[in-house]
Structure formats: C-alpha cells, structure tokens
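K.L.:
The hints should help you fit chain X onto chain E, whose structure is shown.
Protein sequences appear in the order of chains E and X.
Sequential numbering of the first sequence, starting at 5, is according to my numbering.
Sequential numbering of the second sequence, starting at 226, is according to my numbering.
Hint data in this document are derived by calculation from the structure and do not stem from the laboratory.
Just so you know, these numbers come straight off a predicted model, no measurement behind them.
Do not take every clue at face value.
[What the hints assert, rightly or not] Incomplete in silico selection of chain E near chain X, CB under 7 Å:
# : residue
1 : Pro35
2 : Ser205
3 : Gly283
Beta carbons are placed, not taken as given, at the ideal position from N, Cα and C, and that holds for glycine.
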Amino acid sequence: MTSPAGADTEVVLPPRPQPRRGVSLRDAGPPIALAVIFLLFALISPGFRTIGNVQNIMDAAAVLAVVTCGITFVLMMGSIDLSAPGVMGAAAIAVSLLVANNRNGNDWGLLGVLVAVLLAAALGCLSGLALVLLKVPSFMTTLGVSAVGLGVATLLFGGVQPNISDEMLRGWAIERFLGLAYLTWIAFGCVLIGWLIQCYSRLGRYAFAIGGAEEVLALSGVKVAPYKVAVFTLAGAFYGLAGVMVTSQLSAGLVQAGKGYDFAAITAAVVGGTLLTGGRGGILHSAVGVLLVTVLTNGLVQVGVSPYWQGGVQGLIVVAAVAAAVIPQRRRNQVTK
Amino acid sequence: MTTHLQSQPDAQASAPVHALEVRGLVKHYPGVKALDGVDLVVHQNEVLGLAGENGAGKSTLLKALVGLVRPDAGEIWVRGEKVRLRSVVEAADHGIGMVFQEQSLVPNLTAAENIVLGSEGAGVRRGLYRWDTMRKLAQEQLDKIGSQIDPLARTDTLTFAERQMVEIAKVLRIEERTSHPPVIILDEPTSVLESAEIETLFTQVRRLREFASVIFVSHRLDEVLDVCDRVLVLRGGQSVGEVSTASAAPAELHRMMIGSTGSEDHYHDTAAERSDQPLQPRLVVKGLSGATFRDVDLDVHAGEIVGIVGVHGSGREDVCRALFGAEPIEAGEVTLDGDKLDLSGTRAACAAGVGYVPAERKIEGMVGPMSVADNMTLTKQKSRCSGPLVMPQKQATLVDKWIERLSIRTPHRGTAIQRLSGGNQQKVVLARWLVAGDIRLLLLDHPTRGLDIGARSEVYRLMRELANSGVATVLLADSLEEAIGMSDRIIVMSDGRATAEVGCPSGAKPTPLDLVKEMV
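Chain E extracted, bound-state conformation (with noise of 0.2 Å):
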C-alpha cells in the first residue's frame, strides 16, 4: 500500500475496507461489453457489419440519449423519474401546434421548439417542486405528472392529428451532416452538453454528491431542496428535446410520442453502470448503456431473432446487468425492497 502521507502512515493494516484504486470492473464493464456485442454481431452477421447499419444504429439512439441525459441526473441523486411519457408527449403536441402545420396559422419555428421545451421543463419543475415540498417520493411525484403531462397533450391534441410542415423541423430527421441525421448530432450536443454539466457546474457536482451522501450536504451547511428542483426542471427539458425529436421524425404530434421511454431509458442508464440508489455513474455511461441497448435490439434484428423474442432478451440482460452491479455490496441479512 502506498500511502502519500509520509513515513507516519507506513505501517500494514490488518484485514478492513481497503482503498479502491484504478478503474473499477463497474466502470470498464459496460464499455467492454458494448464491444464484444458489437464484435459478436459483426462476426455472425454481414448485415450488421455495413458502414449504413453503423449509421442507423446511431441515427436510432438519437431520442433514447436525450432522453436518457434528463434521467441520468435524477438517478445519480437517488430519485427516480417516470415522468418522460407525459412530459414527451406534451412537448411534442406543443411543439407541433406552434411551428408550420395543418392545424392552425402558427409558424414560430426554432421559437416554437423553445417554447415546447420550457413546458416540458416546468413539468420537470413541477415533479421536483412536489418532491420537496410535499415530501411525496419522486416515483410517485413523476408518475403523476407524466399523467399531467398526458394530459395537456390529450387537451391541445383536441382530436384532429396535427401534422407538421415546417421545413426545418421535418429536415432534422431526414438531412445528414457526415453521414448521420441532425437529430443525431443534437443528441450528441446534448451528451456533450450533460457531460459538461456533471463535471464542471454545481448543479452536477451537487446531484452527484445527493446520491452519495445527502446527509453530509445538510451538515455543510448545503441547502438540498433548490438543486433537487433544478436537477428534475433540467432533466424535463431533455424530455421536452426528445419530444421535439420524436416529432421530426414523424412530421407529426403524437400524444403518445414518448410512449415506453421511462423504462427504456432507466434501462440503458443502470446497463451503462449508473446505479439506482445514486451516486455513482453518469453522462458518458449512460451514453454508453443507450448504444449497449441500441446495438442489441438492432443486432438481434439483424441476426434473425424474432421479435417477439426481443422484449424478454432485453429484460434479461438488465437483470443479469444490475445483479453484476450489486454483487461487490452484498451482505447477509441483506434488506432488498
């Protein structure tokens, strides 16, 4: 053991927790096994293995990272958010009814994208405001105002699909730049953008350090509640984005545009190593756990697995994923809720 306190502190240390160095399995885990999936599926299948698969794949995890750069944030503090349905949805609907459409005169454009997106973010705000302020916990807080946001969208969807005929919007979805859709390289912008966040602002580093030890924080003198509000306000805007998204590549707005992303992307982001009870992961993982599960579906595609199949594999691996995780904590008389 080589301790950097001087001469005082070289003595051996009996049998006690000892000091992790290095890269942990957990952190190098996920992005090995990124690689020998990719490696697997190139091997079994040609069609996997083609410059054009390469760019679908990233072109499909487009909306699952946005997505999953919201959650990130709010599962490294410990809480969980199930509102991205409800508040995808409702940023979609908006988004579609205030830029170009069949609907009404409205042509705002890059405003109307905007404008969709602080709605979503004040429904993210909504969720962290009745987590702190009413105690209730945030799985109940967030599933309620993905209904809220349901909600909204159902009121301004009024029947009649909206479908869009903005020249910008639709062209995110279809233009390339080097090959890959722009909706592609906004979520790039925005693991970039998380990443950034979780490093160099408070914001993150206080998110980060809610999950590791709450408590501590009070002690120091930390008031918690105003971060947990923005750290929720700031995931609802990556939902609000990936609504956005989900609308450009469906020229349209769909109440149901963020159908199933909730648990999709908690998925991808305990596969990529962040852990539910907070604290540790982050951005790039979560990155990396959103390509893991995007491979998968479309390499299980391309080898011919049925997809009926596909639901039940993906299941499996998340279980077999945060089982690994837990293994280094587990204790007898262990209490699992």
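P.N.:
Same frame as chain E, but now just chain X:
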C-alpha cells in the same frame, strides 16, 4: 497561516475571556435527561478532553455546541458573547466546527470538493466549477495540517486516516468565516484508526492547539490523558469535575466517570440460588475468526452469565452477531451442548435454541407497527400455529401468559409495540426467545441501551431468572459497571482478540479499574 503560530498560549493571563463557555445546559428527551446542567469552559489554545461513560451526555453536549441539538435551558458563550446556535452553519460562523464520529464526507466527490463543500467561495463562479481554484483552496487547508493528500483524489479511494485528515482540513475552513481562532471538536476521532495513525492524529491535535482550541472526546482514557491539557468528566448529564492531565492518573479519571458504584442489589445478585455448574460447558467457541476478530476462544456454562467488555472497535459486537450466524466467519468451531452449531445463517441458530437481542432495538429488534403479540411470536411461529395456519386463540393464550409473567405493561396484546416504553419493548423482544421454551443460549447485545434505571432493573431481574433456569448468557453490557454487576465471568476483548479473562463471582467482584487495566 504562519500568523497563527505567533499567538501565545498564555493569552488567558491578559484576557479572561474564554474561547468557549457553556453554562447550565439542559436537554430533555422523552424519558431521559440527556443534559442536566452541564458547565464547561474551553480556554484559548487548549486541548480539553471530554470523558464519560455511554449515556453520560457527551454526544448531546457536542451536538448542542454545533447547533444540531437545541438545548431546553442554559447558555453558550463564544469569546465573551452569548450565542444561539441553530444550525451547523451558525456554529461555523462563530468559529465552532466538529469532526464527526461517523466520518461525514461525501464518498463519491473529490477531497477538494469535500473540503470546500457548502462554502466554495471563489471555487464556483456563476454555478460553474473552477477546478484550479478549488484545488488551490483545498490545498491551502491541507497545508495547514501538513497533509500530502492529493486534493483531486476521490474520497472513497483514501484510507480512513487520510479521510480524517480531509475532515480536519474541512473543519478548518471555518477560519475563513471568522477572524477569531476556531474551536475544533473531535468526536471519538481515534475509534477507526490504527495505533500508528493515532500518533499522526495526535501530532495534528498538538499542531491545531497552536492556533485553535480543541475539544477532544475519546473512550480511551490513556489517549485523553496523553493529548489533552485538561479533562472534564461528565456523568448522568452533569459535569462532575475536571482534572489537569499533568497530575491525573487513569484511575482517578475513571473513578469520576463511574461515580460511586450502585448497590449490588440493583443487579439482583442471587448467587445462592445457583446450582453447581456441570463440568461440560454449554457453549464452546474455539478459534473463531471473522473480518474484525481473530482466534476468539470462549466457553459458557448453563446458568452462567459471561460478559464481554472492550472499547469501541474491539470486535465484541461482531463476535456476538457471528455466534447467531448474522456475521460471516472465516474460521473456528462452535459447539452447543456438544453439538456443532451451524453458523451459516440465523435460521439455523434460532432452530438450535440460540436467541439474540440486538443493540438497535428499534431497527433490528422489533417491528414497530406490529402488535405485541405478533412481535412476541415472530420467531417461534410454531408456538402460535397449527400446521400452516395461525391460531388466534392459541397465540392469545400464550402471549397473555408471558405478558403476565414478565409483567409487561401494555394496554392489550394487540397494541402496536412502538407505543410501549423502551423497557416493555425490550421485555417483549426477550419474550420472543422464551415462548417456545427451547432457549439454551441467549446473546444480549446492549440489552439495556436507552432504558431508564427502573426498566434496567427489571431487565436485570429477568436475565437473572433466565440464568437461574439454566440458560447460558453472553452479555455485552452498556457500561463496565453493568458488566461487573451482572456477569459471573468477564472476557476482555481488544483489537479483535480476547486478551484476558477476569473472574467475577458474587461477593468477590473486581472493580472497573481492574478491567480498565486489561482493556488499555
């Protein structure tokens, strides 16, 4: 920080203003008077030791000093100014900071972030981190204590000793808040350290004294005497005296801590009723080793109460839990009445007639919202069942019998156990092992923790009755006095090993001092 070194320790002569003064501090908790008029004075550039048994009020006093506990009465004066401390931040504004017993660092942040946490100052601009500044700020603090730790190391990659240095560096941040020398409280700082690390810590404490006042709390009297200038002794929530460490001996200090020993009768010592012990011990432990203990040998006869004493970190709690199968073991053999005891889990121990009363009653000992009856029959399900079905009438008869026998004061057997007083809760927990009538070995981990004196006495009486009926008992007492009063024999543990055995027969009890000699 060289300016600190210039201040002279004999400043008291010119200014009679104390760095910190506490007058008549009182704090009640339901059923307990944690602080009963404590007085305390800390001089400038002094290390004041705080000694006292468990429950003497040490931690409540410390919490009051950093604003975590609001006293019911009494005053706190800082440098001649009366203050009200309502939070850790307010305490820090007055220059009082504490290194907590349970290390209070965020494990997944860097050392630098932990050091400046909550008062980042120039380290954060418009919500954005400036890592360079942050590292510099942290380095300044680490330099004060001469530590070589890398400020950007993640805290959970540091050793215990290193983390403690980070905590001290963090506490010294309060110097930035006030122009006065700070008061630093160290609560049991040595309990997780190895002896070489403890020496390093003591060097730090002496260094702190150059520019700060220190309150040092430790279970180990030799440490207190070694590092402190003066020691204040607390007992029963009161300051019972202080000694200068230049002249004091551990014996004197310990006498003050425990006061006059209570009457023997308190422990219902009824040795006369005990029959002669059979030759073969009921419980035989050979070479038991686990993560925190090594090669522990132990034997307990039927009807005997064997106490295990040791300071915090001696490993005695883990031995106790291991004997119940609740803690994994690495080596060793345990037999109960000649049969090998399966330690692979708690079910096997229960089935073999081993009972365990955990120290954390509210967390591990009982299911709070469940009824007295359900708590009592929790383990021995067969006692209330017929086949797979619970028989309410069978349970009621059995539970009512034990409520009467142990005189448990509860409105009804269906009352939620959390509504009972601590003593009655503990009796229900004990009854859990008795209802089936197959108990052979009882492991008691601080069975009187948090109980008032009357309830304690009743638990003692119950322990005696069980021992007299032939149950073998292992007792981890709350205090040395209790261990001596209740035990027939006492094993001393230190650093995970059983280091001594002291006979403790009725009528020839050792003094606490005899035990302390073996413990340190």
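K.L.:
State the violated hints by number, sorted upward, taking the hints as numbered earlier in the document.
P.N.:
1
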